[in-house]
Structure formats: C-alpha cells, structure tokens
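Q: Each protein sequence line maps, in turn, to chains V and L.
One rule links them: number in our numbering = place in the first sequence (from 1) + 349.
One rule links them: number in our numbering = place in the second sequence (from 1) + 219.
The hints are simulated quantities; they were obtained by calculation from the structure and are not laboratory data.
Among these hints, one or two may not hold up.
If we take Cβ atoms under 7 Å as the criterion, some of the chain V residues that face chain L in the derived model are [stated by the list, open to error]:
#1 SER392
#2 LEU399
#3 LEU402
#4 TYR434
#5 PRO436
#6 ALA440
#7 HIS444
#8 ALA454
#9 GLY457
#10 PRO461
#11 GLU577
Residues from chain V that face chain L, not an exhaustive set, calculated with beta carbons under 10 Å [claimed, not checked]:
#12 SER357
#13 ARG430
#14 ASP438
#15 SER458
#16 ARG508
#17 LEU531
Now the in silico label distances, taken between C-beta atoms and shown as ranges [as the list claims (entries may be wrong)]:
#18 L:ARG481 <-> V:SER481: 28 to 36 Å
#19 L:SER394 <-> V:GLN580: 32 to 40 Å
#20 V:ALA534 <-> L:PRO405: 33 to 41 Å
#21 V:ASN552 <-> L:LEU470: 53 to 61 Å
#22 L:LEU240 <-> V:ALA566: 57 to 65 Å
#23 V:GLU415 <-> L:ALA382: 25 to 33 Å
#24 V:ALA519 <-> L:ALA328: 36 to 44 Å
#25 V:GLU415 <-> L:ARG481: 48 to 56 Å
#26 L:PRO405 <-> V:THR574: 41 to 49 Å
#27 V:GLN420 <-> L:SER344: 54 to 62 Å
#28 L:PHE473 <-> V:ALA566: 28 to 36 Å
#29 L:LEU331 <-> V:ASN418: 49 to 57 Å
#30 L:PHE473 <-> V:LEU367: 43 to 51 Å
Source: prediction; values computed, not measured.
Backbone N, C-alpha and C define an ideal beta-carbon position, used for all residues, glycine too.
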Amino acid sequence: MNEPGDLSFSVRTPLGTLALDVSLQVAAEAPLVVVGPNGAGKSSLLLTLLGALPVREGWIQIGADELLNTQSGVDCPIELRRIGYVPQDYALFPHLTVRQNLEFAVRGSAVPATRFERREQVEAILHDLQLSSLAERRATALSGGEKQRVALGRALASRPRVLLLDEPLAALDAQARYEVRLFLAEYLETLRLPTLIVTHDPNDAQVLGKRVAVIEAGSCSRTLTWAELCQAPTSRFVSEFVGRER
Amino acid sequence: MTRIGLAHRVQTLALGTLAALLLAFLVIPMGCLMLGTSWGEFSAGLRHPLASPALKLSLWTSALALVIVVTLGTPLAWLLALRRGRVSQLVETLVVLPVAIPPAVAGLALLLAFGKKGPFSNWFSPEGGSLALTTSAVVLAEVFVSSAFFLQAALAAFRRIDARLLIVARSLGASPFQLFFRIALPLAGPGLVGGAILCFARALGEFGATLMFAGNLQGKTQTLPLAIYTAMESDLRAAQALSILLLAVALALFFGVRFAERRSHASVEGRL
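Please take these sequences and the hints and turn them into a complete structure.
A: Okay, here's the thing in structure tokens:
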C-alpha cells in the first residue's frame with residue numbers, strides 16, 4: 350500500500366485542551382489539502398510532522414524510512430527529516446537577500462555539493478520561480494506573492510522529500526491570491542513531491558488539492574476528493590465550507 | 220464641566236509633583252558635580268598623579284572583561300534562550316544573580332574562591348598562590364559583577380527572534396553553528412551590542428568587589444573609581460575631575476545603548 354516516497358503517518362498527542370489524533374497518507378501525485386475550523390489543530394499537525402512539536406504516540410514514515418516511531422523509540426531530529434516547510438507569513442530570514450535565503454537552504458541540503466554546484470542550484474531555483482530579478486533584494490522588500498515564491502524556493506532548495514505548506518495564500522490580497530494559487534497548482538504538479546497544504550479557503554482546497562482531509566477537534570483519519578466532500582458533507586463545518594459550490 | 224476640568228488638573232498636578240521631586244533629587248547632584256568646578260580646576264584635577272594610571276588601568280581591564288563576557292556569555296545566553304526547562308530557569312537565575320549581590324559580598328566570594336585558601340590556590344603556585352591583589356583580580360571582579368548585565372540583554376535579544384525562523388532554519392538542515400552564526404547572531408546583534416555597552420559601563424564603575432578582592436594598589440589594581448576614593452581624602456578637586464570624566468563616559472555609553480535598542484527593534488521587525 351505504501352508507495353516509495355509517500356508520506357504516511359499516524360500521530361496522537363495532546364494539544365492544550367485538544368487531543369490531536371490524525372492518521373493519513375499523502376501520495377506524490379495527489380497533494381492533500383487539510384481543512385478545518387480555527388483551532389482544530391491544522392498548523393500543529395504540520396509542526397508535529399516537522400518534528401517541532403513532540404508526539405506522544407504514533408509513527409511517521411516517508412516511503413520505508415521511519416522518521417518517528419514512539420514504540421521503537423525512533424525520533425529523527427528536525428534537521429535530518431528533510432521535510433520542506435513553508436509557514437504562514439513565510440518566515441523569510443529578514444536580514445538576508447533572496448539569494449542568501451536560498452543559499453542558506455542549499456548549504457543545509459543533505460545532498461553534498463561543491464561550491465560551484467551550490468551556486469548552480471541557487472541559480473536554477475531563482476530561474477524556476479521567476480526570482481532572478483529579485484535575487485539581491487532584502488527579503489523584507491518583497492511583495493506577498495514574491496515572498497511566497499521565495500519561501501517555496503527556499504524549502505525546495507534543501508532537497509526535501511515532502512512539502513508542508515501552512516496557509517500558503519492567506520497573506521496575499523485577493524488578486525495576488527488568485528494568480529499565486531494557479532501558479533502554485535501548476536508548480537506542484539511538476540514537482541511530484543508528497544505535499545500537505547493547510548488552508549481555510551475552499552478555493553485553495555479545490556484548486557490545489559487532489560484529496561481533501563477535514564480535521565475537526567483534532568481528529569481526522571480519511572481523505573476524500575472535493576466532489577465526494579460536496580456530495581456528502583459529514584458535518585456542519587463541511588457543509589458551510591463547501592457551501593459556495595452548492 | 221469645569222468641575223471635571225479642575226479635578227483633572229489637580230490630579231495631574233499631584234502626580235507631576237511626585238515625579239518632579241525624584242527628578243530634582245537625581246539631577247541636582249549631577250549638576251553640582253558638573254558645575255561646581257572651573258575648567259582650570261578640572262584640567263588640574265585630571266593632571267593629578269593618580270589620574271592617568273587609573274584611567275589606563277580602568278579602560279583596558281574593562282575592555283578585557285568585556286571581551287571575556289561577550290565571548291563566553293553569548294553562547295551561554297543562546298543556549299539558555301533555546302531551552303525552557305526547569306534546569307535552564309535555575310541556571311538563568313544563577314547567572315543574573317550577581318546583579319542583586321552587593322559588590323562587597325561578590326569581592327569576598329571571589330577572595331574565598333581564588334585567594335590563598337581557595338580550591339585553586341595550588342594551580343597558581345605549588346606552595347599555594349593567590350590571585351588576590353593582582354591586576355587579574357581586577358578583571359575577574361569586573362567580569363563577575365558585569366556579566367549579568369550582558370547576559371540579561373543577550374537573553375532578551377535572542378528570545379525576541381521569531382521562533383518560526385529558527386524552526387524553518389532547522390528544517391532546512393542548518394547545523395548548530397549555522398543557526399547561531401547565520402541566523403541568531405545577526406538578528407540579535409543590536410541587542411547584544413546594547414548589552415555589551417551596559418556591561419562595559421558596569422565594569423568601568425566597579426568599586427566594591429575590586430577593593431575587597433584586588434585591593435587599591437596604584438598602577439596595579441587602582442582603577443578610576445578607586446582613584447576617586449583615594450583622591451577624595453587629599454584633593455577633592457581631583458576626585459571631582461575624575462568623577463566628571465566617568466560621568467561623561469557613562470553618558471556617552473548610554474546614548475550608545477539607546478541607539479542599539481532602536482536598531483534592535485528595527486532588526487526584529489525586519490526593517491534593517
């Protein structure tokens with residue numbers, strides 16, 4: 350069942366008053382969108398996968414590689430998980446230029462490279478994400494859409510095996526959101542990396558995700574297609590979420 | 220309407236009076252120090268035989284103390300800022316405690332640790348040596364009393380860094396050195412500079428611990444504050460001139476701190 354390179358996990362851990370309990374599988378060819386009410390544990394789920402929040406019980410695997418298994422005591426540190434993470438508001442390094450942000454990631458990459466190869470990699474990412482003309486700009490002097498591309502490029506520069514995007518479009522205004530969403534959907538298609546996207550926007554869920562998972566009160570264990578979600582709303586949140594479509 | 224206006228004015232006046240009393244008490248002595256002397260008296264005071272050696276000793280020992288504190292204290296503050304456990308809270312309390320310890324107590328503690336009867340005495344010489352009454356003792360006393368000022372500022376500066384930046388950096392595979400030198404240091408830099416200035420100011424003004432541990436030996440352990448203390452007995456003018464000098468240095472350092480603080484906030488908000 351578990352294809353090589355797929356992300357699969359089952360994590361249970363207390364989060365304040367909430368109990369996070371999520372078991373899902375993300376395939377490379379089908380980006381998974383995670384939706385749910387505010388405070389349902391969506392962002393925390395990403396942090397537990399990343400290794401920044403402790404997990405009380407469960408396991409995380411990328412293909413056959415075990416990142417976490419509380420039973421056998423495996424707990425791979427953040428630095429070695431090779432999970433690309435784009436947080437909400439992007440968290441670009443404010444004191445570095447666009448190029449330096451990417452260089453930092455390339456240097457941390459698990460794939461060894463000479464100085465020349467590293468420079469080539471940075472140039473390739475700048476080119477792919479249409480950032481070449483912004484390379485020497487400070488990260489703080491960019492528009493929202495530009496920041497989004499830099500954050501994505503930075504995450505990819507470390508050669509991740511999985512990509513986690515937390516509200517990738519929430520910081521953008523309506524016009525930019527539409528454009529960046531289409532760009533992101535196309536780009537993710539070419540990447541073919543298992544990708545998990547947290548969002549509260551039904552449009553994101555529809556355009557970016559091939560599969561949708563609904564987290565409510567910390568729990569979630571199955572994924573649906575958008576059509577399935579619309580046909581059989583399982584809760585009030587879901588029927589309001591897809592409401593626009595009906 | 221007028222009753223409310225009157226009440227407001229009376230209350231504001233009451234608060235203002237209390238504030239003004241303290242302000243006056245703080246400003247008047249400094250004013251007397253500055254104004255109660257002429258330029259001739261001031262320059263004569265600076266030529267007092269105690270002045271020049273004490274100034275030199277003060278400056279280089281404080282600078283050395285600062286280098287020691289920053290070199291060892293920056294990693295300490297960073298490691299404490301990263302951890303939030305009970306142990307690190309205890310360590311944090313321990314390292315900032317010297318702010319509250321009276322300098323005389325600090326001096327006695329240093330004497331007991333590094334003096335003739337201390338646990339390290341046979342490190343200095345086989346028959347039992349001591350650091351007391353040496354220039355090294357001056358530097359140690361300054362490090363002991365001033366490090367907490369730097370550590371507090373450095374801790375605050377490191378904690379102001381957005382935690383998500385550190386998480387992202389680690390997820391990109393950053394090594395501990397890359398995280399420290401490429402991310403934490405540049406972002407906390409201005410805050411660290413502010414702490415370093417405060418630390419230097421405290422080292423420069425150090426008196427009690429130095430007197431207890433290093434003594435008051437001219438040219439060897441007599442720093443500027445000790446020279447002021449000594450000069451007071453014979454030549455008040457000289458004491459006053461040296462005091463004005465220290466006050467001027469303190470003022471300059473203080474403006475430095477203000478400047479660093481502004482840069483620190485700018486860097487955290489990403490405006491640098």
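Q: Evaluate each hint against the coordinates.
A: Structure-based check of each hint:
1. SER392: violated (10 Å)
2. LEU399: holds (6 Å)
3. LEU402: violated (10 Å)
4. TYR434: holds (5 Å)
5. PRO436: Status holds, d = 5 Å.
6. ALA440: holds (4 Å)
7. HIS444: This interface hint holds because 5 Å falls under the 7 Å limit.
8. ALA454: With a closest approach of 4 Å, the ALA454 of chain V hint holds.
9. GLY457: Nearest chain L Cβ about 3 Å off; hint holds.
10. PRO461: Where the cut-off is 7 Å and the nearest Cβ of chain L is about 12 Å from PRO461 of chain V, the hint is violated.
11. GLU577: At about 32 Å, which exceeds the 7 Å cut-off, the nearest Cβ of chain L leaves the hint on GLU577 of chain V violated.
12. SER357: Since chain L brings no Cβ nearer than about 19 Å to SER357 of chain V, farther than 10 Å, the hint is violated.
13. ARG430: Check passed: Cβ of ARG430 of chain V comes within 7 Å of chain L, closer than 10 Å.
14. ASP438: holds (8 Å)
15. SER458: With a closest approach of 6 Å, the SER458 of chain V hint holds.
16. ARG508: holds (9 Å)
17. LEU531: violated (25 Å)
18. L:ARG481 <-> V:SER481: 28 to 36 Å: Holds, since ARG481 of chain L and SER481 of chain V (Cβ atoms, about 35 Å apart) stay within the stated range.
19. L:SER394 <-> V:GLN580: 32 to 40 Å: violated (50 Å)
20. V:ALA534 <-> L:PRO405: 33 to 41 Å: Once the Cβ atoms are compared, 35 Å apart, the range 33 to 41 Å for PRO405 of chain L and ALA534 of chain V holds.
21. V:ASN552 <-> L:LEU470: 53 to 61 Å: holds (59 Å)
22. L:LEU240 <-> V:ALA566: 57 to 65 Å: holds (58 Å)
23. V:GLU415 <-> L:ALA382: 25 to 33 Å: Because 27 Å falls inside the window, the suggested range holds.
24. V:ALA519 <-> L:ALA328: 36 to 44 Å: violated (55 Å)
25. V:GLU415 <-> L:ARG481: 48 to 56 Å: holds (49 Å)
26. L:PRO405 <-> V:THR574: 41 to 49 Å: holds (46 Å)
27. V:GLN420 <-> L:SER344: 54 to 62 Å: holds (59 Å)
28. L:PHE473 <-> V:ALA566: 28 to 36 Å: violated (54 Å)
29. L:LEU331 <-> V:ASN418: 49 to 57 Å: holds (52 Å)
30. L:PHE473 <-> V:LEU367: 43 to 51 Å: Given about 48 Å between the Cβ atoms, the range holds.
Checked against the numbered hints given earlier, the structure breaks hints 1, 3, 10, 11, 12, 17, 19, 24 and 28 and satisfies all the rest.
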